[in-house]
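Visitor: In the order they appear, the protein sequences are chains A and B.
Residue numbering for the first sequence follows this note's numbering, beginning at 14 and increasing consecutively.
Residue numbering for the second sequence follows this note's numbering, beginning at 111 and increasing consecutively.
Mixed in with the good hints there might be a few duds.
Now the stretches of chain B that chain A is said to cover, found in silico as 3 or more residues with beta-carbon under 8 Å [as the list claims (entries may be wrong)]:
1. 201-211
2. 228-238
3. 246-260
4. 276-285
Think about it this way: if two alpha-carbon atoms lie no more than 25 Å apart in a straight line, the pair counts; the simulated DSS-like pairs of lysine-lysine are [what the hints assert, rightly or not]:
5. A:Lys126 to B:Lys269
6. B:Lys237 to A:Lys299
7. A:Lys63 to B:Lys237
8. A:Lys84 to A:Lys299
9. A:Lys126 to A:Lys61
10. B:Lys237 to B:Lys269
11. A:Lys126 to A:Lys84
Hints were generated in silico from the structure; no laboratory data involved.
Where a beta carbon is used, it is the ideal one built from N, C-alpha and C, also for glycine.
Each chain is listed here by its residues.
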Amino acid sequence: MADVANTGTIHDIGYQRYTGQRLGRGHAVRSLYVYSFRTVFGMGRSAKAKIFPFSVAGILLVIAVVAAAVKAQFKVEIPQLSYVDFPGTLSFLLVLLLAAVAPELASRDLRNKVLPLYFSRPIGRDDYVLAKLAALVTAVSLILAVPLFVMFLGGAFSGSGLSGAWGQFTDFLPGLLNAVIYAIVLSAVALLIASLSSRRTIAAGAVVAVFLVTTPISGVLQVVGTETMRQLASLFSITGILSGLRNWLFGGSAEPAIGSFGPLYAGAAVVLVALCTALLVYRYRKVAS
Amino acid sequence: MHVLRSSDDSPPTGTYGQVVAIITTQGLTKRYAERVTALADLTVEIEPGITGLVGANGAGKSTLIKTMLGLLTPTAGQLRVLGMDPTSQGEQVRARVGYMPENDCLPPDVSAAEFVTHMGRMSGLPKTAARERASETLRHVGLYEERYRQIGGYSTGMKQRVKLAQSLVHDPDLLLLDEPTNGLDPAGRDGMLDLVHRIGTEFGIAVVVCSHLLGEVEQIADGLVAIESGRLLRADRVSAMTTRTAVLTVEVDEGTDALAAALSERGLRIGRDGAALVTPVESDSTYDLVRDLIVDLDLPLHRLEERRHRVAELFNTPSAGGPTNG
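Please model the complete structure; the sequences and the hints are all you need to start from.
Guide: As structure tokens, this is what we get:
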């Protein structure tokens, strides 16, 4: 409040009513989607906010470039870095990424108490949370898709002709689809957890914890269980469900063994996403405006 | 141009001119969990201009605002904002209403320009228009130079201005300001009140200012609505509240009747208040007239007093100390 005395002259230029277009709720939701997508990458904010997302995206890209180079140079494919195995192999990086960016989307608005400003506008509570979720899914999909595409370019142009390129393409597409499935499941879980805390660090820790805690459970069951038990064990971990589903839908690595329980893994993934989304919507209907 | 009416005060005649009420409520009631009554049978009309919504903390001001935004559904009664029902047309109402919350609600790590632009788009403005309106609105609230700085580095007064700018960015027809002077020092408070006054007059936007400080709202408002425990205490124009009671009290030790007759003869309306005479102050000449008559009649003057009530006094009720107590 340095120069209150001056304000009279500062805005003495006259107010003009806005007579232009007013787009409705749909426009607001789309704008929030774009804005949230930018938030994931720290755009519109300081350089500090950009470090983590771009680092993870960069690491994934470097790994993809190495894999593509190895494939082109030595004509061997690193099995863990095949198109469909790429997200599963690097899932710990994805978990770290989500632990960093999901709180940016959910906890930050809770912490800054920005929600009353959103909810006093045409946008609804459900719109808000679904736009955020969609933005996160898109961002994670993109972060996975770019390395996959680089691998595809490397594979397609490393000399085995048109049929080779086509073969790469038919491998690349399921890989892309798999990446989107990973993005949907991981984002839904991470955003729900992040929405429960207004403290970014706590939310980040909770996201990592949920992913990490569930993994040993399935690990233990893998070891001690019977054959059937082992095939079902991965259902107890979020990344396990994704690996099992990938195994059933797209093949790739034989781990985890899922026997004939493929549809069960698909069902688990669907239920997990639906449950997390429903809880997110419920959460934001309850949150104070 | 600004008329406020409550059903208690004067029954609506239906012929109150061409001014259309911005907000009307009819028996509006909001109960939480069947026990807490936040709004009780509130019937009031708010017309364009600046209206102060005064009441102690917990009187139901915020509940009323959230109901007007369609964020809370009334338990009973009717409410129309800008001619629409917020419960069923919340989206349309919120597109034309600007809301400035009482508490902090700004992200520290973005610039004011970026944030206000974003909020403009959330209100339905196209991308370019949102950016232009954000710049212009920030200029109007006096933050043009600083608009690319991060909000976290702003003073409380500047943050309040950003909050005001985000409520104004989409050029609403109605602005709901919840305690806009919250946390400001006296200079900042005056600056903010000045700004709100300008919005209500020069910008031509209807403004409802919530405050628990009557003295503050009184300075800028055309009309006042006072609520207490969710009930309407009084609603009227500020001018009506002050001028209506601007009366002169004259007390003479003897010759009261003679004075009364003489005053009536000169065209003054005379009332009695115990031993004293009361007459409305119509112009400055009233004082001279009264003085001259007393001198002419050679009466022993005991008391000559103007009773111009402050609005605060008018709100005083036997049940409570008035809405000014915070």
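Visitor: Given the hint that Lys126 of chain A pairs with Lys269 of chain B, does the C-alpha gap stay at or below 25 Å?
Guide: holds (14 Å)
Visitor: Given as covered by chain A, does the segment 201-211 of chain B meet the bar of three residues or more with CB within less than 8 Å?
Guide: holds (count 7)
Visitor: Under a C-beta cut-off of less than 8 Å, do 3 or more residues of the segment 276-285 of chain B approach chain A closely enough to confirm the stated coverage?
Guide: holds (count 3)
Visitor: Would you check the hint for Lys63 of chain A and Lys237 of chain B, treating anything up to 25 Å between C-alpha atoms as holding?
Guide: holds (23 Å)
Visitor: When you check the alpha-carbon spacing of Lys126 of chain A and Lys61 of chain A, does it fall within 25 Å?
Guide: holds (22 Å)
Visitor: CA of Lys237 of chain B to CA of Lys269 of chain B, is that 25 Å or under?
Guide: holds (24 Å)
Visitor: Lys237 of chain B and Lys299 of chain A: Cα distance at most 25 Å?
Guide: violated (31 Å)
Visitor: Run the distance test for Lys126 of chain A versus Lys84 of chain A: straight-line Cα separation, threshold 25 Å.
Guide: violated (50 Å)
Visitor: So if I understand the rule, the pair passes when the alpha-carbon distance is 25 Å or less; does Lys84 of chain A with Lys299 of chain A pass?
Guide: violated (52 Å)
Visitor: Is the listed coverage of the segment 228-238 of chain B by chain A valid when you require three or more residues with a beta carbon under 8 Å from a beta carbon of that chain?
Guide: Held - the segment 228-238 of chain B has 9 residues with a Cβ nearer than 8 Å to chain A, which meets the minimum of three.
Visitor: Count residues of the segment 246-260 of chain B with a Cβ under 8 Å from any Cβ of chain A, then say if the count reaches three.
Guide: With 7 residues close enough to chain A, the hint holds.
In summary, the numbered hints that this structure violates are 6, 8, 11.
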